[in-house]
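S.K.: Here is what each chain is made of, one letter per residue.
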Amino acid sequence: MLILKTLARHKPMHGFAIAEFILETSQGVLQVEEGSLYPALQRLLLKDWIVGDWGKTDENRRARYYSLTAEGRRQLARELDRYARVSQAIAAILQPVEP
Amino acid sequence: MRFPRRIAAFFHRDRETRALRDEMQFHLELRARKLRLSGLAPDDAGFAARRQFGNAAVYQDQISAIWGWTMWERFMQDLRQGIRMLVKAPGFTAITVLTLALGLGINTAIFSAVNAVMLRPLPYPQPDRLVSLWEENIHPDDRRFSSSGTSAGRLGGVGRTTLSPANLADYRAASAFEGLAAYDSSPVNLTGMGAPQRVGGEAVTWNYFSVLGVPPAEGRTFLPEEDRPGANPVAIVSHEFWQQRMGGAADALNRTILLDSKPYRIVGILPAGFQSPQKLGLQEATEVYLTASYASALLANRGDHDVNGLARLKPGVSVAAAQAELNTIWAGLARQYPATNANIRPEIAPLGDDLAGSVSYSLWALFGASGLIVLIACVNVANLLMVRAAGRRHESSVRMALGSGRLPLMRQLMTESLVIAVAGCLAGIVTGRLLMLGLTAIAPAGIPRIDTAGMDWRVFGVAAAMALITGLIFGMAPAWQASQVNPVDALKTAARGTGAKSQARWRTALTIAEVSLSLILLVGAGLLLRSFSTLMGVKLGFQTDRVIAMNINLPELRYADGPARFQFFQKLEDRVRALPGVVGVATANRMPMRGGWASGIFLDGDMDNEYVPDFQAVTPGYFDTLGIPLLRGRALTALDTDQSVPVAVVNQTFAHQLLRDADPIGHTMLRGPGAPRIAIVGVVNDIRRKGKDGEIKPEVYLNAAQTALYPVRLADFAVRAAGDPRALVNSISREVWAIDKDQPLTNVRTMDEIIDEAVARRRFQTLLLLIFAAVAVALAIVGIYGVLAYSVSQRIAELGIRVALGAPPRAILALVLRQAGMLIAAGIAIGVAGAYGLTRFLQDLLFQVKTTDWRAYTGAVALLAAVAVIAALVPARRGARVDPVVALRQE
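Listed in order, the protein sequences are those of chains A and B.
For the first sequence, this note's numbering assigns the number 14 to the initial residue and increments by one for each residue that follows.
For the second sequence, this note's numbering assigns the number 198 to the initial residue and increments by one for each residue that follows.
Where hints are given, some of them may not hold.
What the hints assert, rightly or not - Label pairs and their calculated CB-CB ranges:
{"id": "1", "chain 1": "A", "residue 1": "87", "chain 2": "B", "residue 2": "372", "range": "55 to 61 Å"}
{"id": "2", "chain 1": "A", "residue 1": "24", "chain 2": "B", "residue 2": "262", "range": "27 to 33 Å"}
{"id": "3", "chain 1": "B", "residue 1": "248", "chain 2": "A", "residue 2": "107", "range": "51 to 57 Å"}
{"id": "4", "chain 1": "B", "residue 1": "592", "chain 2": "A", "residue 2": "87", "range": "51 to 57 Å"}
{"id": "5", "chain 1": "A", "residue 1": "87", "chain 2": "B", "residue 2": "512", "range": "45 to 51 Å"}
{"id": "6", "chain 1": "A", "residue 1": "98", "chain 2": "B", "residue 2": "602", "range": "38 to 44 Å"}
{"id": "7", "chain 1": "A", "residue 1": "87", "chain 2": "B", "residue 2": "258", "range": "27 to 33 Å"}
{"id": "8", "chain 1": "B", "residue 1": "272", "chain 2": "A", "residue 2": "98", "range": "42 to 48 Å"}
{"id": "9", "chain 1": "B", "residue 1": "248", "chain 2": "A", "residue 2": "98", "range": "33 to 39 Å"}
{"id": "10", "chain 1": "A", "residue 1": "66", "chain 2": "B", "residue 2": "295", "range": "51 to 57 Å"}
{"id": "11", "chain 1": "A", "residue 1": "90", "chain 2": "B", "residue 2": "602", "range": "26 to 32 Å"}
{"id": "12", "chain 1": "A", "residue 1": "66", "chain 2": "B", "residue 2": "512", "range": "52 to 58 Å"}
{"id": "13", "chain 1": "A", "residue 1": "109", "chain 2": "B", "residue 2": "216", "range": "42 to 48 Å"}
Bear in mind the hints are in silico, worked out from the structure with no lab data behind them.
Beta carbons: idealized from backbone N, C-alpha and C, even for Gly.
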């Protein structure tokens, strides 16, 4: 979901940029091994939620730029929706009880 | 969408893998640069980047698993490993592959015959809609009708008969049929094109080609108005006729050819390779097709059956529905014409099934037998694999101890088995192809479509499926075994290399299975052999040696009636009798083994009881020429003529069955009310005129000179020679042509050849099953030998101790033989039970032998036991000769 959201917000990005973005945006809270990003990207590719196009970076280095597909957008909407419901439920449970 | 992507990625997986590595590398570089910018030393930055990234190799593996490549890669790895192992053991590989090639080859060959004869669709458009139509006499004792055609098909009961053309119009009314045609063999004499020749012909209704769905390649098909008596004579010829007899002449259409001395105009030429259903795969092809043009007298007589029916069902109509409709029509006919139709029921069956008929039965039996051989081959290979697996226990244990799972280990062994199976399958297909060539070369004539037997997708499919199944079967045992290995025990005992107990049990079971399977085949072969020798022992009742027979079909146009034909043959007999080296000559409507004629009679004026004996019209020389002894009264003589008293000679069975053993001489018979009274003047010995497996029927011999008594044509001529009858053929032909230069001689065969051809199919079946049994026994011997030799080599130490402690060699021999005896006895016991259950399927192939024939069983058991003991003796003797010093030192 995080990857999808990241890609939804920006133009096509390569792997490192995605990792950087998630790291920065979460202000270092979400720290995982950066390599685990790649199996995740491959899973999304397989499901056709994202596509990867080879392109050149500003420094003329070959890199794969990932972008969201229409199906990926729908999936993101579904996941955000579910997340919202779950977090609302959690919030409701955690709400301090009124004295 | 998902699946294609997965597959596309699969084919580019090397590129993808490289791309991924590249991508991760790029990631690491960027991270390292960033860390450097934040002040880390270059080396530390690289480490930190990698630490932050995690294990790239693990992620690569994960991705590979996501795409589903892992399984494939493991399989390829197993495959490479398997092939390496097999290449390293060429002896083992050769033996297993050869064993499989033999089994699968036999199976493939037989299956390609099954495929050609029964499974492959007929060579006509939409063949599944073609049905064969015949009539079944549901009370076969009722012979109130005459039948003269030969049925093209083979299904149906004993009462199967050809169709009555008079009934055709009624059957055509069935809405289930798109078209209904009739056809019948009608060979003709072709003259005016070189030497006179007899060519295969068929008289067909005008719609015959449209029902088959094959229009002529050139010209047109018949018109309805050409299918009437008195219409302009037209013919359609086969492509082969056009090519071979007319040299492919461009102006062949509309040319006139002389058939039976009558001019026919060619209106159509058929496509190349077209063949009439009744001649599919047979040697004598139909070359000319004429219109049937049924005479009005024939169409008025519903009791006259002489054509074959062929219909095309409308799309979507089932055979059962068409049969139901025919039954309704039949019910109406039976009410309207009870005398001729009440007992005659129309029946249909898919054309292909009908043509294959009884052949399919023996082919399936052979296919079953070849299946048993495949099983035996499998068992043998399984056995060999077990021995090998035992040798590799150490390897398996080490792998397991090092953490390999049972599953990968089993998978590895299964892959190896599959490699063997595939190699065996390929070798089997090649072997099968060779066997098939041999098989068609020695196959008897008369098996429809066997000539087309070859490889096609079905044969390949079955061969591949067999290979896969066999691979699984024989791979299972060793794989299971390997997975049961307990590394601790195995490694402890590995040095001594003794097989596990359960492994010995497995191999014993496999060997028992092998012995019992071969016994089943041996019993089957024994039964067929018994049947064949019984058949060969049957006395025909006449002398076949030095007799040559031939057909001389006199065309109607030149020899209009019986007397004209008789005169021709009388002239011919006089001329041939004068030739040097001729002992006797005979003319008949049909010689033995060549069909005949039956007719109803009334005895001694009793018009209430009708009997139906077989009839022959013969010249006086017939009995001497064929060596049929006269038992009572007199034979037919040259003094009997159309002017003298009608006379007949009958056989013993006639006297026995129709006159209750009374002396037939002096009795009289009538062929119908108002027909001439025929006096019986003599009795001759019974002969089996339908061949060794034919029944003996009451028989009446009329004198060919009394032409008013019989409606059939004289057409067969036979000569008994002093020496080789073949040497006379040329001079006989010259005599025939001296009388009529346009008259061909056909079907020139010695009687011995005719008899031989008649038993050819049985001999073929017997031979094949004997070969199968021999292969099976050979494989079983290898199996028994293998098991015992291995067991002796495992027990060398034990045997050495026994010898050292004073056991005489004889005791050792007995010890090993006892083990062998157990195997053999168990195998034979199971085999006898199996044979008892399976050989019942052979019943239809057997002649006067029951499937429980004790001689076949005891013979098979004795033979198998004997060879098995011999196979066991070799390792047993080796065991007995063990030198204790050497044996114990090995330890």
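S.K.: For each hint, tell me whether it holds in the structure or not.
M.R.: Hints versus structure:
1. A:87 x B:372: 55 to 61 Å: Holds: the Cβ-Cβ distance is about 57 Å, inside 55 to 61 Å.
2. A:24 x B:262: 27 to 33 Å: Distance hint for residue 24 (chain A), residue 262 (chain B) holds at roughly 31 Å.
3. B:248 x A:107: 51 to 57 Å: violated (35 Å)
4. B:592 x A:87: 51 to 57 Å: Cβ of residue 592 (chain B) to Cβ of residue 87 (chain A): about 54 Å, so the range 51 to 57 Å holds.
5. A:87 x B:512: 45 to 51 Å: Check passed, 47 Å falls within 45 to 51 Å.
6. A:98 x B:602: 38 to 44 Å: holds (42 Å)
7. A:87 x B:258: 27 to 33 Å: holds (31 Å)
8. B:272 x A:98: 42 to 48 Å: The hinted range 42 to 48 Å holds for residue 272 (chain B) and residue 98 (chain A), with Cβ atoms some 44 Å apart.
9. B:248 x A:98: 33 to 39 Å: holds (37 Å)
10. A:66 x B:295: 51 to 57 Å: holds (56 Å)
11. A:90 x B:602: 26 to 32 Å: With a Cβ separation near 43 Å, residue 90 (chain A) and residue 602 (chain B) fall outside 26 to 32 Å, so the hint is violated.
12. A:66 x B:512: 52 to 58 Å: Cβ of residue 66 (chain A) to Cβ of residue 512 (chain B): about 53 Å, so the range 52 to 58 Å holds.
13. A:109 x B:216: 42 to 48 Å: Violated, at about 52 Å.
When each numbered hint is compared with the structure, violations occur for hints 3, 11 and 13.
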